[in-house]
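**Student:** The residues making up each chain are set out below.
2 protein chains.
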Amino acid sequence: MSEPGAMKWWGWGDPARTPHLAPRALSSLRQLLGAPERRAEPVPLGEVRIGESRLSKRARASLEGAVGSQHLHDDRESRILHAAGKGYPDLIRMRSGAAENAPDAVVYPASEEEVVSVLGVCAAEGVAVVPFGGGTSVVGGVEPIRDGFEALVSLDLGRMAQLSRVDRRSLLAELGPGLRGPQVEEALGRSGLTLGHFPQSFEYATVGGWVATRSAGQASTGYGKIEEMVVGLRSVSPAGPVELKAVPASAAGPDLRELLVGSEGVLGVITSATLRVRPVPDQRRYEGWIFKSFPEGAEAFRQLEQEGAAPEVARLSDEVETLVALQLAAGNSVGRRAGRAYVKARGYEGGCLAILGFEGDASGIARRRAHAARIMRSAGGLGLGTRPGRAWERGRFDAPYLRDALLDNCIMVETLETAGTWSGLMDLYAAVGQAIRKALEERGTPALVMCHVSHLYRSGASLYFSFFAAQEQDTALEQWRAAKSAATDAIVAAGGTITHHHAVGRDHAAWLPREIGTVGVDLIRAAKQHLDPTGILNPGKLLPDEGGEG
Amino acid sequence: MSEPGAMKWWGWGDPARTPHLAPRALSSLRQLLGAPERRAEPVPLGEVRIGESRLSKRARASLEGAVGSQHLHDDRESRILHAAGKGYPDLIRMRSGAAENAPDAVVYPASEEEVVSVLGVCAAEGVAVVPFGGGTSVVGGVEPIRDGFEALVSLDLGRMAQLSRVDRRSLLAELGPGLRGPQVEEALGRSGLTLGHFPQSFEYATVGGWVATRSAGQASTGYGKIEEMVVGLRSVSPAGPVELKAVPASAAGPDLRELLVGSEGVLGVITSATLRVRPVPDQRRYEGWIFKSFPEGAEAFRQLEQEGAAPEVARLSDEVETLVALQLAAGNSVGRRAGRAYVKARGYEGGCLAILGFEGDASGIARRRAHAARIMRSAGGLGLGTRPGRAWERGRFDAPYLRDALLDNCIMVETLETAGTWSGLMDLYAAVGQAIRKALEERGTPALVMCHVSHLYRSGASLYFSFFAAQEQDTALEQWRAAKSAATDAIVAAGGTITHHHAVGRDHAAWLPREIGTVGVDLIRAAKQHLDPTGILNPGKLLPDEGGEG
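Chains as they are written, first to last, in my numbering: chain A, 19 to 568; chain B, 19 to 568.
Do not take every clue at face value.
Since the list can't tell identical chains apart, any single copy or any two copies may satisfy a pair.
[Unchecked claim] Computed list of lysine to any residue pairs in SDA-like fashion (alpha-carbon distance at most 25 angstroms, straight line):
hint, residue 1, residue 2
1, 75, 183
2, 263, 504
3, 26, 513
4, 263, 246
5, 263, 321
6, 310, 89
7, 263, 532
8, 310, 361
9, 310, 484
10, 263, 433
11, 502, 143
12, 263, 535
Think of the hints as simulated: they come from the structure by calculation, not from any bench.
Please construct the entire structure, taking both the sequences and the accompanying hints into account.
**Tutor:** Listed below in structure tokens is the structure:
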């Protein structure tokens, strides 16, 4: 059974929407990568391979008792729709029709009580549970891994999509885990409020997923990462509920919020989150700047942030990303040509595009823009006006659609992110780019690697890499693994974090010991052992496989 | 052996400094409280009751091996100096000469390796360990509680007082746990940097203590609470070291920083912290404002904070605290009288004093002051210029000295703090004040209760209460316990946190289950069981006694 708003089972977004990839851009990309003309469509739905549900009759009946029989789905399509997230390996697998791992059923609780009942049944019956929000994980976070359990269900939180409470004076809202981005903004918008959380997955990702994975929105420099917004939280696990009340700050021991935020479904199911909200800004002004080099632009961003002058959105593309963005950009080509001529005349050709997005009231924006512009100019930036900002804003959620079009054309496209301190940022940038290029070059599939700085902090920033290569025909997953491993090793060696906002999931689990040490990993295991003694919650995620490092 | 910079064993601060309590202020306080003329000095050091060290010869020799024999002290004075923190019950106990609980020895490691060795010895020998920074806990956090262990040592981190690294570009500094406030500022000052962390205990409290207790400085509205400053951390426990590298943000699972920050010596010993720092501000401008009522002032503060206009220091006294501050204020009495006349003429007599402290460069301060002043005035505030601000700044670390003088005069004085959302703040204020007044009124010792709002957050603020009453002669601890219990029950009932920055320690442990639930408490126990399987680390703190709620 297909649900309203469900994505393509094999790719991103609305099945009715066909992503547009300009033929000229495709052909120049092919040329650059040495990628042969080749296409490979996903297999038809009817050819997807999926086994019989292995859920026992007794477990099935108990789960129906927990959520109501109409809210347990074990038809083929529901199971396929919950068989994978939206990472590159997920898409490779799904496009080829490999859904043998699909959950044995999907259950849709409507309340925390029903989640408690489902977990009780699953703990008693030995059924693994994969919490499922928007299913947008790009790190294998919702991959159904049985890990010794005979059966596995997907716990879809889509029915827990209520805005329970708005506290206008304290600028807090209590939100259900199943609310998707547009639903959040619509519900809060009725009170003149916004969460200000706009990750690229905004259209599908959910509150529970954001909180469980430490999501960052594109305006996080201004609004904060999701963990900075979580004031109160409810989570349930087989050991019982944990309620962390909404207080602005506390010294009452360790902050368990931060143990549950980012717990990726392994320590509990988030059933409610009280998040900081803000008044909807009167205006948004997104504008473009250009720098002669990436380090120069990064230095300007550091000053912006450390002088308290950073806007809500701050994003700096390296030279390659700037070039690609210009190539792919839709819009008025006459204006674009005029813009290029201006940039060239001023000596900034081949430079790095920055987007600054200010939100607020007119006078506040004017004041903050003036402050930021002084810093940008004295650091070597050239203002390009609002046209590049508007273009970026129009396309801000498009990349995942484009990825499907590239995969149709057998072009590998993957993204990964890290964060590091300002003093080490350019070394981190160089090391990761080089590692990806080297790994793919060695396989005979030279890569195009691009990067942007975004999500600024006083102590550093995140780096977001995208890379492209000709897809290997039968060994696409090995090819991906080689690039991913090389990049993550390089990140660790250069002092970055293994993930800034995509989470650990399956893909980064092997590196967690190098992020937090073995005592740290065992500490999370001890917490899991307490909260989920039979280990039913999202097996195989976050924690590395025992006995090895993944 | 007395150490350089050691405090009075029976009270606060430099033994050579005699706190000044104006006779007129004392007599009007006595009158207000119905407190009889009575004085009680602390017993002389020679009369303090302390038993023989119960450390076994073998354990003592091993500990000497770990830190060097000159760094293990078990003389009478060293043990007495580590026998208590600086909470009201601690002072009552120490002034009466009751140091039977004193640690059996004090060890002074110089490095993380030595801390590891000490913990190894203590785990093997079954010796309890109380980590000791400045010894300024006001919640029983360093009370030597044996909890079944035959022997107990105090682990004084005073020798681990190095500034290991400054990263000027990333505005980070790696600090040893034993650095006291003035040492931190002096060391950072050499690089033109400041931590901006100025709690009332600044002169004695340490980096490790701040991190272990979620400390808040008086300028935390601008600089953040200590947990907002911790970017990297090292901690050791019997299970081994945990190193959390300094990255500006991460999505690599649960944030273990937030499990170790606030762990109060129960989960490990903090051996190093990488903290966010800032350039030393060019100027500080602290100024006074007055409001006709406490709710009116609080509403102004909410607007300041939510509109991004709050200064580094923001503090609003209620009517009683304002009156007492004026009574106790030193300084030019002519100017004070003139100020009072002005306030009276404008209809603000009996109002509430606010302090706003701006730090930065001259133009930034001017711009921010103008913004804040617009909000303050339109919310009903009257500007009083810099005189009250300077007076507050001069006296900002004085209150604990004054407490000793009041105790000499048999006047009970205690402080406690909470935090709540803006929408519930005035109800929380009323409930806590009423609970304290009622509890002490019932004992025949009517209280004077005063409060200030400080430490602003978008979602709420902290409330800091001080209260005074005639001290009961033989039942001072029961009297204190009655007031403390009533206040904490009221806090929980009104939705506040049991502590905003004093930590849990011994005094709040019984209420922890009502703060984070029994599953939450057991989760911390599970973490402790993993990190400290024999339970040697700071027994009896943070976690409630098992079997009951404290």
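**Student:** For each hint, tell me whether it holds in the structure or not.
**Tutor:** Quick rundown of the hints versus the structure:
In this homomeric assembly, residue 75 and residue 183 never come within 25 angstroms of each other (Cα to Cα): the closest approach is 39 angstroms inside a single copy and 62 angstroms across copies. Taking the closest pair of Cα atoms, residue 263 and residue 504 come within 25 angstroms of each other only across two copies (20 angstroms); inside a single copy the shortest separation is 42 angstroms, beyond that limit. Taking the shortest alpha-carbon separations for residue 26 and residue 513, neither the intra-copy value of 37 angstroms nor the inter-copy value of 45 angstroms comes in at or below 25 angstroms. In this assembly of identical chains, residue 263 and residue 246 lie within 25 angstroms of each other by CA distance both inside one copy and across copies; the values are 15 angstroms within and 19 angstroms between.
For the identical chains of this complex, residue 263 and residue 321 are inter-copy neighbours only, at 23 angstroms across copies versus 36 angstroms inside a copy, given an alpha-carbon limit of 25 angstroms. For a Cα distance limit of 25 angstroms, the shortest separation of residue 310 from residue 89 qualifies neither inside one copy, at 57 angstroms, nor across copies, at 58 angstroms. With identical chains, the CA atoms of residue 263 and residue 532 are at most 25 angstroms apart between copies only, with a shortest distance of 10 angstroms across copies and 33 angstroms within one. For the homomeric pair residue 310 and residue 361, the shortest alpha-carbon distance inside one copy (10 angstroms) is at most 25 angstroms, but the shortest distance between copies (58 angstroms) is not.
Taking identical chains as interchangeable, the C-alpha atoms of residue 310 and residue 484 lie at most 25 angstroms apart only when both belong to the same chain, with a minimum of 21 angstroms there against 58 angstroms between chains. In this homomeric assembly, residue 263 and residue 433 come within 25 angstroms of each other (Cα to Cα) only across copies, at 23 angstroms, whereas the closest approach inside a single copy is 36 angstroms. Taking the shortest alpha-carbon separations for residue 502 and residue 143, neither the intra-copy value of 37 angstroms nor the inter-copy value of 47 angstroms comes in at or below 25 angstroms. In this assembly of identical chains, the alpha carbons of residue 263 and residue 535 lie at most 25 angstroms apart only when taken from different copies (10 angstroms versus 30 angstroms within one copy).
Going down the numbered hints, you'll see the structure goes against 1, 3, 6 and 11, while the others check out.
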